[in-house]
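Knowing the structure of chain A, use the given hints to seat chain B on it.
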Amino acid sequence: MTFFLVSSIIKIIVVFTVIMVGVALLTLAERRICAWMQDRLGPNRVGPQGLFQPAADGLKNLLKEETLPAQADKVLFLLAPAMSFVPALLTFAVIPFATPLPTPWGDVDMVVANLPVGFLYILAFGSLGVYGIVLAGWASNNKYSLLGGLRASAQMISYEIAMGMSTVAVLLLAGNVTLSEVVARQAQSIWFVFPLSLAYFIFIVAAFAETNRLPFDLPEAEGELIAGYHTEYSAMKFSMFYIAEYSNMVTASALMTTLFFGGWDIPFTTWDNTPPWTVLKTVATLAAFCLKVSCFLFLYIWVRWTLPRFRYDQLMALGWKVMLPLALGYLTVIATALWILHAVLGWAYDTRFGLALFGLNVLLAIPLFFVLDRGHIVAGSMAGERA
Amino acid sequence: MTQPYLAFLLLLAFVAFNAALLIGLSHLVAPRKPTVVKDAPYESGMPPLGNAHDRFSVKFYLVAMLFIVFDLETVFLIPWGAIYFGRGGQGGPGMGFLLVEMLVFMLILAVGYVYVWKRGALQWD
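Just so you know, the sequences run in chain order A and B. Sequential numbering of the first sequence, starting at 1, is according to this note's numbering. Sequential numbering of the second sequence, starting at 1001, is according to this note's numbering.
In short, the hints are calculated from the structure, not lab data. All C-beta atoms, glycine included, are put in the ideal place defined by N, C-alpha and C. It cannot be assumed that every hint is accurate.
Calculated pairs, SDA-like style, for lysine to any residue (alpha carbon to alpha carbon, straight line, at most 25 angstroms) [unchecked claim]:
1) B:Lys1038 - A:Val75
2) A:Lys64 - B:Lys1118
3) B:Lys1038 - A:Leu68
4) A:Lys64 - B:Ala1016
5) B:Lys1038 - A:Glu65
6) A:Lys60 - B:Phe1017
7) A:Lys74 - B:Asn1051
8) A:Lys74 - B:Lys1038
9) A:Lys321 - B:Trp1124
10) B:Lys1033 - A:Phe238
11) B:Lys1038 - A:Ala221
12) B:Lys1118 - A:Val371
13) B:Lys1059 - A:Asp313
14) B:Lys1038 - A:Asn141
15) A:Lys321 - B:Val1075
16) A:Lys60 - B:Lys1038
17) B:Lys1059 - A:Ile226
18) B:Lys1033 - A:Asn141
Under 7 angstroms between C-beta atoms, here's a sample of chain A residues computed to sit facing chain B [said to hold, decoys possible]:
19) Leu79
20) Ala82
21) Lys143
22) Gly164
23) Ala221
24) Glu222
If we strip away everything but chain A, and leave its shape as in the complex, we get:
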């Protein structure tokens, strides 16, 4: 018990610190990559390659004057950043990030809290973040903030359904909601991104919408809403919304890695996922995990500086009229395919099974992408004029 407590506390502090430092570096990476894509320099003055820029920003935010609007609801106004910050940093807790680490006192699972409820916990806590945003919008007593908060809440709950449905598809193959079991299942055969390519497609679109990132950043569309729900926030409280947003991105990337890209699994070898556990295996799998997460974080930034923003009616139409029926229909097709392959043909789940499902996904993807984005369901901005 003492060992469990000590190891848990160490893990909590280390993971928390790593996420905070990661978020700080991510804000720098975003600005440097943005600058690189727009052919300019970006922040490069503070420290080597601007590496200390986040520290300077953090210090500045701590020492800046805080504004508190006279008509704001004071308690909620103070509480809202915390309500956004806490769930954002809690969601990472159930994600396994490496193989168990052997110590003289026993193996330590490389996950903060290996909850049996697994990704149900992530779905639950991921949606708690919306409270902070909608309360910030309401408490500010500012029209832009209120609109931003309302937009954010409507958007997040709309895409949450599609996200939940696409994780049910993962659940079908994994047969367990515990994320360590999901990773183990993928390590044994094939990463779920192959047998469930379309679920991954739905998940990544929903994840972009859930984290309020471009092309779905309507809650803070600066052309229309100044800064959306955090218009009235300054200094450290603004910083907390920022940290929450970026740590949500980190969690979403880690979740994509875990559910679809094998988590800490190193592909093409079973060396990393068979006991006895060694320190080398832990380090190698941790490196693999971090590499995969970084790729998704880069994708987030890349997409942000590539795609334009949706209009709000397009966003809602995409969520309710495309993503939701797509997720429901896909689940039905996958369940039927599993029944045919397993119960009728008698195949056990292995790599061949996964590849057969991958073939099915490719077949489904062709008509899907032919229909999607051709102005059939989500109207383009010029639809009225063309007709």
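The following block gives chain B in isolation, referenced to the frame of chain A:
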């Protein structure tokens, strides 16, 4: 079995403490010189008109209601998904039965979805 929840509670306490620390620390350290104009709500530099807590579009409520309905469907599907392929073969109802069960559920859901769409509840403008 309850051990992971203990770790979760520790994390919750730690994160909540940090959130309070950040808010409290900046409250102590930062200067505060309020003026009437500084404390007014920001409306692009114009004097604010009226109260922001005005009526807003009913569509937001509609989305929230639809969300509850469809999110509960997801919740119903999760236990089904956990046993369908993972434990379906080992005792209990077979895969075929579970598949038919889900198809009936999806059919009912689809009827409701088509109704909602045709009534224009998903139309935003």
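Verify the proposed pairing of lysine 74 of chain A with lysine 1038 of chain B, using a straight-line Cα cut of 25 angstroms. holds, 16 angstroms
Restraint check, 7 angstroms cut-off on beta carbons, for glutamate 222 of chain A near chain B: violated, 12 angstroms
Lysine 74 of chain A and asparagine 1051 of chain B were given as a pair; does the straight-line alpha-carbon distance stay at or below 25 angstroms? The hint holds at about 16 angstroms.
Agreement of lysine 1059 of chain B and aspartate 313 of chain A with the hint, judged by alpha carbon distance not exceeding 25 angstroms: Measuring from Cα to Cα gives roughly 11 angstroms; hence the hint holds.
Regarding the pair lysine 1059 of chain B and isoleucine 226 of chain A, is the alpha-carbon distance no greater than 25 angstroms? holds, 23 angstroms
Verify the proposed pairing of lysine 1038 of chain B with asparagine 141 of chain A, using a straight-line Cα cut of 25 angstroms. Satisfied, since the Cα-Cα distance of roughly 14 angstroms is no more than 25 angstroms.
Check whether the Cα positions of lysine 1033 of chain B and asparagine 141 of chain A lie no farther apart than 25 angstroms. Satisfied, since the Cα-Cα distance of roughly 21 angstroms is no more than 25 angstroms.
If you take the shortest Cβ to Cβ gap from leucine 79 of chain A to chain B, is it below 7 angstroms? violated, 9 angstroms
Is lysine 321 of chain A close enough to valine 1075 of chain B, meaning Cα to Cα at most 25 angstroms? holds, 20 angstroms
Under 7 angstroms, Cβ to Cβ, is where lysine 143 of chain A needs to be relative to chain B, so tell me if that hint holds or is violated. holds, 5 angstroms
Regarding the hint that alanine 221 of chain A lies at the interface with chain B, is the smallest CB-CB distance below 7 angstroms? violated, 14 angstroms
Just to be careful, I want the Cα atoms of lysine 1038 of chain B and glutamate 65 of chain A compared with a cutoff of 25 angstroms; is the pair within it? It holds: about 11 angstroms lies between the C-alpha atoms, which stays within 25 angstroms.
In summary, the numbered hints that this structure violates are 2, 19, 23 and 24.
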